[in-house]
Amino acid sequence: MDDFRGKRVTVLGLGRFGGGIGAAQWLARLGAKVVVTDKQPADALADSIRQLDGLPIEYR
Numbered sequence: 001m002d003d004f005r006g007k008r009v010t011v012l013g014l015g016r017f018g019g020g021i022g023a024a025q026w027l028a029r030l031g032a033k034v035v036v037t038d039k040q041p042a043d044a045l046a047d048s049i050r051q052l053d054g055l056p057i058e059y060r
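All residue numbers for the sequence shown refer to my numbering, where the first residue is 1 and numbers rise by one.
There could be a bad hint or two in this list.
[Claimed, not checked] Once the Cα atoms are required to be at most 16 Å apart in a straight line, the calculated EDC-like pairs of lysine to aspartate or glutamate come out as:
(1) Lys33 - Asp2
(2) Lys7 - Asp47
(3) Lys33 - Asp53
(4) Lys39 - Glu58
(5) Lys33 - Asp3
(6) Lys7 - Glu58
[Said to hold, decoys possible] Pair by pair, the computed Cβ-Cβ distance ranges are:
(7) Gly19 - Asp43: 28 to 34 Å
(8) Gly19 - Glu58: 15 to 21 Å
(9) Leu12 - Ala46: 15 to 21 Å
(10) Ala46 - Asp3: 31 to 37 Å
(11) Thr10 - Pro41: 15 to 21 Å
(12) Arg16 - Gly54: 18 to 24 Å
(13) Gly54 - Asp2: 17 to 23 Å
(14) Leu55 - Arg16: 15 to 21 Å
(15) Asp3 - Ala44: 30 to 36 Å
(16) Gln40 - Asp3: 30 to 36 Å
(17) Pro41 - Asp3: 33 to 39 Å
(18) Ala44 - Asp2: 29 to 35 Å
(19) Glu58 - Phe17: 20 to 26 Å
(20) Thr10 - Asp43: 20 to 26 Å
Calculated from the structure, these hints are not laboratory results.
Ideal placement from N, C-alpha and C gives every residue a C-beta, glycine not left out.
Make a model of the complete structure from these sequences and hints.
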């Protein structure tokens, strides 16, 4: 499935080592409306969240 335009997708676990980051970036580039969650607070994941800048990705 390569067409995610208009689809809502939740990525559970942004992480600090790239797994969630890569998935979120890939899905956003394919047109998905991406929401990323993680059990860690945003300040603990600041570096990871910065890697999502410029993409239509929401962090909760």
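Taking the hints in turn, this is what the structure says about them:
no.	hint	verdict
1	Lys33 - Asp2	holds, 14 Å
2	Lys7 - Asp47	violated, 26 Å
3	Lys33 - Asp53	holds, 14 Å
4	Lys39 - Glu58	holds, 15 Å
5	Lys33 - Asp3	holds, 12 Å
6	Lys7 - Glu58	holds, 14 Å
7	Gly19 - Asp43: 28 to 34 Å	violated, 20 Å
8	Gly19 - Glu58: 15 to 21 Å	holds, 18 Å
9	Leu12 - Ala46: 15 to 21 Å	holds, 19 Å
10	Ala46 - Asp3: 31 to 37 Å	holds, 32 Å
11	Thr10 - Pro41: 15 to 21 Å	holds, 18 Å
12	Arg16 - Gly54: 18 to 24 Å	holds, 20 Å
13	Gly54 - Asp2: 17 to 23 Å	holds, 21 Å
14	Leu55 - Arg16: 15 to 21 Å	holds, 18 Å
15	Asp3 - Ala44: 30 to 36 Å	holds, 34 Å
16	Gln40 - Asp3: 30 to 36 Å	holds, 32 Å
17	Pro41 - Asp3: 33 to 39 Å	holds, 34 Å
18	Ala44 - Asp2: 29 to 35 Å	holds, 33 Å
19	Glu58 - Phe17: 20 to 26 Å	holds, 21 Å
20	Thr10 - Asp43: 20 to 26 Å	holds, 21 Å
Checked against the numbered hints listed earlier, the structure breaks hints 2 and 7; every other hint is satisfied.
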